[in-house]
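Engineer: Using the sequences and the hints, build the whole thing.
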Amino acid sequence: MKLKLKKHWTMGWTTPQMFNTAFLQDTDKLNKFKIVLSNKFQAFHDLLNGEETTMVSNWKGIKEAITSACHEVLGHKKHHHKEWITVDTLDKIQERRNKNAAINTSRTRAEKAKAQAEYTEANKKAEEEHQNRQT
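Residue numbers (the working numbering): 1 to 135.
Bear in mind the hints are in silico, worked out from the structure with no lab data behind them. Treat each hint with caution, since some may be false.
To be verified - As a list, the in silico DSBU-like pairs of lysine-lysine whose alpha-carbon atoms are at most 35 Å apart:
id, residue 1, residue 2
1, Lys78, Lys29
2, Lys34, Lys125
3, Lys34, Lys7
4, Lys99, Lys77
5, Lys92, Lys78
6, Lys63, Lys34
7, Lys63, Lys32
8, Lys60, Lys40
9, Lys7, Lys60
10, Lys92, Lys29
Said to hold, decoys possible - Computed Cβ-Cβ distance ranges for the label pairs, DEER-style:
id, residue 1, residue 2, range
11, Lys2, Leu48, 38 to 44 Å
12, Pro16, Lys125, 34 to 40 Å
13, Lys77, Leu3, 45 to 51 Å
14, Glu121, Leu48, 53 to 59 Å
15, Met18, Phe41, 21 to 27 Å
16, Asn49, Lys7, 45 to 51 Å
17, Asn98, Gly75, 19 to 25 Å
18, Leu30, Glu111, 37 to 43 Å
19, Lys63, Ala110, 56 to 62 Å
20, Met18, Ala110, 45 to 51 Å
21, Thr105, Asn20, 28 to 34 Å
A virtual CB, placed ideally from N, CA and C, is assigned to each residue, including glycine.
Structural biologist: The following block contains the structure:
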C-alpha cells in the first residue's frame, strides 16, 4: 500500500497594502497627512518614554504609526483607477457626473437646457484635462 504525503501550508500569503499615494500631490491632503503622522509619532514617542524596548518593538510601533496614518488619510488604492488619472481629472469627472445628475433631475425645459449647457462645458473641461495629462 502506497501513501502520498502532502504538506498542508498553514500560513497563507498576505498581499501588501497599497495606499493611494496620488492624493499626496494635493496640498490639503499632504498637510493633513503630515499632521496625522506627527501626532502618531508623538503618541508613540510618549509611550516609549520610561520603558526599555527592543529594536523589533520599536520597528513595529513605527510601522503601525505609518500604516495607520496612511489608512486614515490616504485610504487604499482602488484597482479601477489608473495611475495616469490625476486627482484633478477625477475631480472634474465627478463634477461632470453631478452636472449629468442635474440634467436628469431638472423639471422644466429651461432648466434642462441650462443644465445641458453646463454639462457640455464640464465635459469639455474633463476631456481636455485628460488629453493634456496623457501627452
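Engineer: Evaluate each hint against the coordinates.
Structural biologist: For each hint, the structure was consulted:
1. With a C-alpha separation of about 17 Å, the suggested pairing of Lys78 with Lys29 holds against the 35 Å cut-off.
2. Distance restraint check for Lys34 and Lys125: the Cα-Cα separation of roughly 32 Å lies within the 35 Å cut-off, and the hinted pair is therefore satisfied.
3. A hinted pair counts as satisfied when its Cα atoms are at most 35 Å apart, and Lys34 with Lys7 does not qualify at roughly 46 Å.
4. In summary, the hint linking Lys99 to Lys77 is supported, as the alpha carbons are separated by about 26 Å, within the 35 Å threshold.
5. For the hint linking Lys92 to Lys78, the alpha-carbon distance of about 18 Å falls within 35 Å, and the restraint holds.
6. A hinted pair counts as satisfied when its Cα atoms are at most 35 Å apart, and Lys63 with Lys34 qualifies at roughly 15 Å.
7. For the hint pairing Lys63 with Lys32, the CA-to-CA distance comes to about 19 Å; that is within 35 Å, so the pair holds.
8. Restraint check for Lys60 and Lys40: the C-alpha separation of about 13 Å stays at or below 35 Å, so the hint holds.
9. For the proposed pair Lys7 and Lys60, the alpha carbon gap of about 31 Å is at most 35 Å, so the pair holds.
10. Annotation: proposed proximity of Lys92 to Lys29 holds, straight-line Cα distance about 18 Å (limit 35 Å).
11. For the hinted restraint 38 to 44 Å between Lys2 and Leu48, the CB-CB distance of approximately 58 Å leaves it violated.
12. Range check, Pro16 to Lys125: Cβ separation about 36 Å, and the 34 to 40 Å hint holds.
13. For the pair Lys77 and Leu3, the beta carbons lie near 46 Å from each other, so the given range of 45 to 51 Å is met.
14. Our hint of 53 to 59 Å for Glu121 and Leu48 holds, since their Cβ atoms are close to 55 Å apart.
15. Our hint of 21 to 27 Å for Met18 and Phe41 holds, since their Cβ atoms are close to 23 Å apart.
16. As the Cβ distance of Asn49 to Lys7 is approximately 46 Å, the hint placing it in 45 to 51 Å holds.
17. Distance hint check for Asn98 and Gly75: the Cβ-Cβ separation is about 21 Å, which falls inside the suggested range of 19 to 25 Å.
18. Evaluation of the 37 to 43 Å hint for Leu30 and Glu111 yields a pass: the beta carbon distance comes to about 39 Å.
19. Under the hint 56 to 62 Å, the C-beta atoms of Lys63 and Ala110, about 58 Å apart, fit the expected range.
20. A hinted range of 45 to 51 Å holds for the C-beta pair Met18 and Ala110, which are about 47 Å apart.
21. Range check, Thr105 to Asn20: Cβ separation about 31 Å, and the 28 to 34 Å hint holds.
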